Amino acid sequence: MTGYILRRALVTLPTLLGITLVAFAILNLLPTDPLLTWSDGTAPLSAEAASRLRDALQPDSGPVTRYATWLFGLLRFDLGRSLRDGRPVTAVLAEALPWTLVLNLSALAAIYAVGLPLGWIGARRRGGAAAAGRALLLILSVVPPFAAALLLQRLLAVRLGLLPLQGTGAGDAPGVAAGVDLLRHLVLPTTCLALAGWAYAARYARAAFRAILAPEALAAARARGLHGISLARHFAPNSALPFVWMVAGIVPALVSGSVVIEAIFSWPGLGQVLLRGVEGRDYPLVMALMLLSAVTVLAGQLVADLVLPAIDPRLRDLVARDENVRG
Amino acid sequence: MTCGMSGRARAGLALLPLVTAALVTAALVAATTTGCSPARDEPAGRAAARRGGRFVFPLAIEPATLNFVSGTDQASVMVERLVADSLVDHDADLRVVPRLAASWEISPDGRVLTFHLRDGVRFHDGVACTSADVVYTWERIMDPASHAVGRVDPFLPVEKVEAPDPVTVRVTYREPYAPALRGWEIPIMPAHLYRGTDFATAPANRAPVGTGPFRFVSWEAGRRIVLAANLDYWAGPPGLDRFEFAIIPSADTAYQALLAGEVDYARIPQAVAATRAEDPEFRRRFSEVRYVPLFFNYIAWRGDGSNPFFADARVRRALGMAIDRRGYVRSVLHGLGEVVSSPFRGLLPPSGALPAGDTPAAGAATAATPDLETAATLLEAAGWRRPSTGGLRRRNGTPFRFKLLVFAGGDDHVQFSQVAQDDLRRLGIEMTIERLDWQALLSRLRSGDFQAAMSGFIPGPDADSLYGLLHSSQIDGGQNYAAFRDPDTDAWFLAARRTLDDTARQALYRRIENRIATEQPYAFLFAPAVIAGVSARFEGAKASPQGILGHMPGAFALRPAAGGS
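Here the protein sequences line up with chains F and G, keeping their order.
Residues in the first sequence are numbered consecutively from 1, following the working numbering.
Residues in the second sequence are numbered consecutively from 1, following the working numbering.
Excised from the complex, chain F in its bound form (with noise of 0.2 Å):
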């Protein structure tokens, strides 16, 4: 099992190395002017203080000559400083990342909440109700996340004053009241951003849920005396694999979806961090972003490598095979 880990481990290596090159190449390829990036974009230069500032910065070295500096520098795990501030690349992803993280758990917990209920009735029964709510997820769903910003902004916030609309609350409150405070600065970004993943949630659980419960199955289990809360453990183990596999379906949109979404409710996370790492040409900050997408990426696939077949028996063979083929 080591050696499965440790291969797969290494086979992620060349992709990584690819993708920061790739970021590099078209962060290179966008035309800039260093100086332009010192001064912020806005600074009057005159062309004196602009060739005293070209004196000061180092000679600007190639494009190749940057990234063997760059990949020199990860690998002693120093992703170097953002050109906007100076400060470490880190400490300006750390202060981002929580944002993002809670945002997009939030909006993740939000589709598999309204999506698996509406999924389960929907095997259950047909028409009704639910195909009335799955109609309407699938309206919702070709929403543009920005137009249902503004509109939820519109009317939730301003015209009603139900929420918060924008932001991330005052953070000096104590204990519990900054907890709830921070919920209700995150029911509008989250429902924008589980918008779209709503109808994809249903309809995708609508299909599982109808696999697994197949007539005849549930038939067989019930003949056996099984019912209530015993049915539903004796079915759990298999259900959970594709509610398992449909996250790899949700998150890239949401990761994508969340960038608007944060410039739109001011949510200080690393969508923004990106949209100003682009339009600043800070490429220290820009390709740490890529490389921890492409890692987050690539450990998704690896965690799920190692987390399916623990449970599904017939990956488990198929790992097994694969560990004597190499001995």
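Quick caveat, the hints were computed from the structure, so don't treat them as lab data.
Each hint should be verified, as a subset may be incorrect.
[What the hints assert, rightly or not] Partial list, derived from the structure: chain F residues whose beta carbon lies under 7 Å from chain G:
no., residue
1, Ala47
2, Leu165
3, Asp312
Predicted, not measured: the structure shown is a model, and the values here were computed from it.
Cβ atoms here follow ideal geometry from the backbone N, Cα and C, with glycine treated the same way.
Let chain F serve as the given structure and place chain G on it in line with the hints.
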């Protein structure tokens, strides 16, 4: 890294002055409410004594750093104005006013500027602010390692800065330098917190200490920057207890946040500004602020001969005449803006004669309604003729077809360029439009790799700031993107710098203005107005061409409204 313990510690420290502030406020309220009922037209002293409240101001972009010398983006400067003091400042009408310097004098030869600082001013950490801090600030600006690109220009002509005693600063210029005084609108750094640290990464860069009306409390990355009243401010405590900058990247969200009561100031989108002004509910909750910033939009015609079109002033004049700026301001901007006919708009007194002997520019009335006939005549004279078969104008077989670069993120850029495209088509000229992001546009402008480009310019309060756009030394590396080269203009700019007499100096700028109207290296277009709402819970907001914070007293004068909560 910074959000864990240190944040909490800072918040704890911040409570102490807050409690003090609350007590002071309570005492003041008690003092003012005993006896007589507050009169409608209360005396100024009484109004100034009313203080308290938390004002939330949206910032679209988070400051890069709060190092007073290196942080020169708009957001950083806004925060620095409140936390720190400069020697001099300008009021809402852009006149120079004293700030940290109580007074100053200029030597008869115009080379030595002596400031007399206020006595007993202390930084927020209690350390005295002296002339040594001023000298230190200047040294850091001049040190190339500080990357102080946005601050260095007014100090290039400085020979030396001395501190003969703790409250005197003597600045010697190599030659008389008329814009010298305004150059000292720079926030003064606390030398004691920077000496011996790495300037670029010093802790004070993210927790600044100044002498200004507001103390720094906390900076929560990506979320907000919190300031609290400096109760020991040399001009007395400010009218607000707390000033918060909330980072809100979307302009629309900022406006909605104003309506939802989450911020106390926001720009009102032009499309709804007219209807909002008549909405009684809106007028009850918000007061309106209007100003036209010094910022203006222009098209630079690259006139260095790298394209066959724009080296000829007649062509530039013709195109300038054909573009309907007034129509754009009236229809697209809903009248909320100004047509710009001179780059010196707002920087020179409105009336002022040309020096005797100068002939007024032929095409001076460019900003009026488009004149296609005169434009066509000019183009014919320049050799650009319309073929009898129709189609584009040609000269020696070359069709008049060029590309205009615009900023894709600017609504004004995109919309105006489309209007101008139609205007020019009627003249037999085809203009294609290429949309770029800001960095790409700027790097193309700076490398001169374009035919025509739309951009914007933000002049300072002094007419000398047009030097960067028009002086030939600024073609390579500066902002003279049109590559305009005129020996007279160059000489007049330099002479104006050496001329201390205001009238004589203005006459020189009038000459430049007249020459620019004839040569038209740029088509000066329009300046959109800013219409903003301020929560009615506060009063004292005053608009200047640099907004409600960008002048003295600015945020210092904001205070809770009479009868408000």
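Evaluation of the provided hints:
1. Annotation: Ala47(F) was flagged as interfacial toward chain G, and the flag holds, the nearest CB pair being 4 Å apart, inside 7 Å.
2. Annotation: Leu165(F) was flagged as interfacial toward chain G, and the flag holds, the nearest CB pair being 4 Å apart, inside 7 Å.
3. Evaluation of the Asp312(F) hint against chain G yields a violated restraint, the C-beta minimum of about 41 Å exceeding 7 Å.
The structure does not agree with numbered hint 3 stated previously, though it agrees with all others.
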